[in-house]
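Order-wise, the sequence lines are chains A and B.
No gaps in the numbering here: position 141 of the first sequence is 141 in my numbering, and each next residue is one more.
To convert, take the position in the second sequence, counting from 1, and add 273; that gives my numbering.
Check each hint, because a few of them may be wrong.
[To be verified] List time: in silico DSSO-like cross-link candidates among lysine-lysine, alpha-carbon distance up to 27 Å: (1) Lys-303/B x Lys-119/A; (2) Lys-303/B x Lys-353/B; (3) Lys-303/B x Lys-177/A; (4) Lys-303/B x Lys-359/B; (5) Lys-116/A x Lys-353/B; (6) Lys-116/A x Lys-303/B; (7) Lys-307/B x Lys-359/B; (8) Lys-119/A x Lys-177/A; (9) Lys-359/B x Lys-119/A; (10) Lys-207/A x Lys-217/A; (11) Lys-307/B x Lys-353/B.
[Unchecked claim] Pulled from the structure, derived: some chain A residues nowhere near chain B, Cβ distances all over 12 Å: (12) Met-1; (13) Leu-20; (14) Trp-43; (15) Glu-57; (16) Thr-143; (17) Phe-148; (18) Val-156; (19) Glu-172; (20) Arg-179; (21) Leu-181; (22) Asn-208; (23) Phe-252.
Don't read these hints as lab results, they were simulated from the structure.
Cβ coordinates follow ideal geometry from the N, Cα and C atoms, glycine included.
So you can see what is in the structure, the chains are spelled out below.
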Amino acid sequence: MRRSILHLTIILTLLLGLSLLASISWQWFVPGEWFKCPLQGIWCLPVFYLATTYNPELSNYTVNSPEAVTAIVWDYRGLDTLFETSVFYLALIAGIALARGASYKLPTGGELGLSKIVKTVSRLTLPMIITVGASIGLHGHLTPGGGFQGGATAAVAFMVAIVVFSIVFLVEHGVSKDRMLILRSIGLTGIGLTAVALFFAGLILGKNAYVFQNMAKPFAGLSFPWEVNSALISGTLWFFNLFEFLAVTAGFTIAFMLLAMSEAGSEEGVRHE
Amino acid sequence: MISAELAVYLLMTISSVASTIAVYFAIMEKDLVKAVIYSAIQSTFYAILFYLLMAPDIVLVYLPVSVGLIPGVLLILIGKTERGEKE
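With the hints as extra help, turn the sequences into a complete structure.
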C-alpha cells in the first residue's frame with residue numbers, strides 16, 4: 001500500500017516537473033524571429049507555414065515540400081506524429097496480447113470464401129488497390145496524402161482478401177501474422193532511424209544538428225538530400241512516408257488476421273491458461 | 274443562374290442533411306448488417322463534406338478507414354455474434 005503511494009508520488013513528481021520544463025521552454029522554440037508577419041496574433045502561424053513550406057529563396061527555413069499538410073505533419077510537428085505512431089503501435093500490441101494463447105488453426109475443407117464471380121473481380125481489383133495506396137503514400141510530399149492514408153488504403157486490399165478468399169489464401173501466399181509483425185517493426189525502426197539520422201551525421205561531422213531535423217536551419221547547417229536526380233523527395237518526408245506506409249499496412253493487416261483467425265482454435269488456448 | 278460558390282454551398286447542405294438522415298436510419302435499424310451499411314453511407318457524405326471544405330488529406334484517410342475498414346471489422350464481428358438486435 002505504502003509502496004504504491006510512493007510510486008504514485010514519484011510518477012506525479014516526474015510528470016509535473018516535465019510539464020513545468022515544457023511550459024517554461026516555449027520561449028526558445030518560437031519559430032523564426034526574422035519573419036515579419038503582416039497580421040496580428042494567431043494568424044501569423046499559418047502565414048509562416050505557407051510562406052516557408054516550399055520556398056527555395058529562403059534556403060535556411062524551407063521544407064522543400066509543396067504539400068503543406070505533410071510538411072507540418074512530419075517536419076514542423078514531427079514529434080506529434082511520432083507519438084501518434086507509437087500510440088497506434090501500442091494499441092496493436094494490446095490486440096496481440098488479447099489474442100495470446102490462441103492456437104490459430106486455419107479453417108480447412110470445403111469451398112472457402114465467396115462465389116467465383118466475386119473472386120475473379122477481386123483478383124483484378126486487389127493489385128489496383130495496393131497500387132493506389134502506394135501512390136498515395138509515396139507521393140505524400142507532392143500531393144494530398146501520406147503514409148497513414150496510403151497504408152490505410154492498402155490495408156483495405158488485405159481485408160477484402162480475407163473476406164473474399166478467406167485467410168488461407170493470404171497464408172498460402174506468404175502473408176502470415178509473424179511476417180507482418182516483422183514488416184511493421186521494419187517500418188517503425190525506419191521511422192526512428194530517419195528521425196535520428198541527421199543528428200548522428202552531425203556528431204560524426206562535428207557540426208550542429210538536431211533530432212527530427214530535415215532541412216538546414218540558420219543555426220544548424222546540415223540538411224537531408226531534398227532531390228534525387230532532380231526529382232523532389234523533400235528530405236526526410238519521403239522516408240517517413242515510406243516507413244509509415246509499411247507500418248500502417250502491416251499493423252491493420254495483423255488486426256484483421258487476428259479477428260479472422262482466432263475463432264477456430266482459441267478454446268483450446270483458453271483452457272491452457 | 275447559380276454561381277459556383279452557391280453550388281458548393283448547396284452540395285454541402287444536401288450532404289449534411291443526407292448524412293443526418295443516414296445516421297437516423299443507422300440508429301433505428303434492428304438488422305445490424307443494414308445498420309453498418311447506413312453508417313457507411315453517412316461516412317460517404319462526410320467524405321464529400323470534407324472534400325468541399327478543402328481538406329483532401331482528411332478525405333484520403335477518412336474514406337478507407339470509415340467506408341472500408343470499420344464496416345469490414347464490424348461485419349466480421351457481426352458474423353461471429355448475432356445479426357438481429359434484441360430488445
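Hints, one by one, checked against the model:
1. Lys-303/B x Lys-119/A: Violated. Lys-303/B to Lys-119/A sits at ~30 Å, over the 27 Å cutoff.
2. Lys-303/B x Lys-353/B: holds (17 Å)
3. Lys-303/B x Lys-177/A: violated (35 Å)
4. Lys-303/B x Lys-359/B: holds (8 Å)
5. Lys-116/A x Lys-353/B: holds (24 Å)
6. Lys-116/A x Lys-303/B: violated (31 Å)
7. Lys-307/B x Lys-359/B: holds (15 Å)
8. Lys-119/A x Lys-177/A: holds (23 Å)
9. Lys-359/B x Lys-119/A: violated (34 Å)
10. Lys-207/A x Lys-217/A: The given pair, whose Cα atoms are some 12 Å apart, holds under the 27 Å limit.
11. Lys-307/B x Lys-353/B: holds (16 Å)
12. Met-1: holds (40 Å)
13. Leu-20: Leu-20/A is indeed farther than 12 Å from all Cβ atoms of chain B, at 35 Å.
14. Trp-43: The assertion about Trp-43/A holds, with a minimum of 18 Å to chain B.
15. Glu-57: At roughly 26 Å from the nearest Cβ of chain B, Glu-57/A sits farther out than 12 Å, so the non-interface label holds.
16. Thr-143: Non-interface label on Thr-143/A violated, nearest chain B Cβ at 8 Å vs cutoff 12 Å.
17. Phe-148: violated (6 Å)
18. Val-156: violated (4 Å)
19. Glu-172: Correct as stated: the minimum Cβ-Cβ distance to chain B is 20 Å, above 12 Å.
20. Arg-179: holds (20 Å)
21. Leu-181: Holds: least Cβ distance 19 Å, greater than 12 Å.
22. Asn-208: Its Cβ never comes within 12 Å of chain B, the nearest being 33 Å, so this holds.
23. Phe-252: violated (7 Å)
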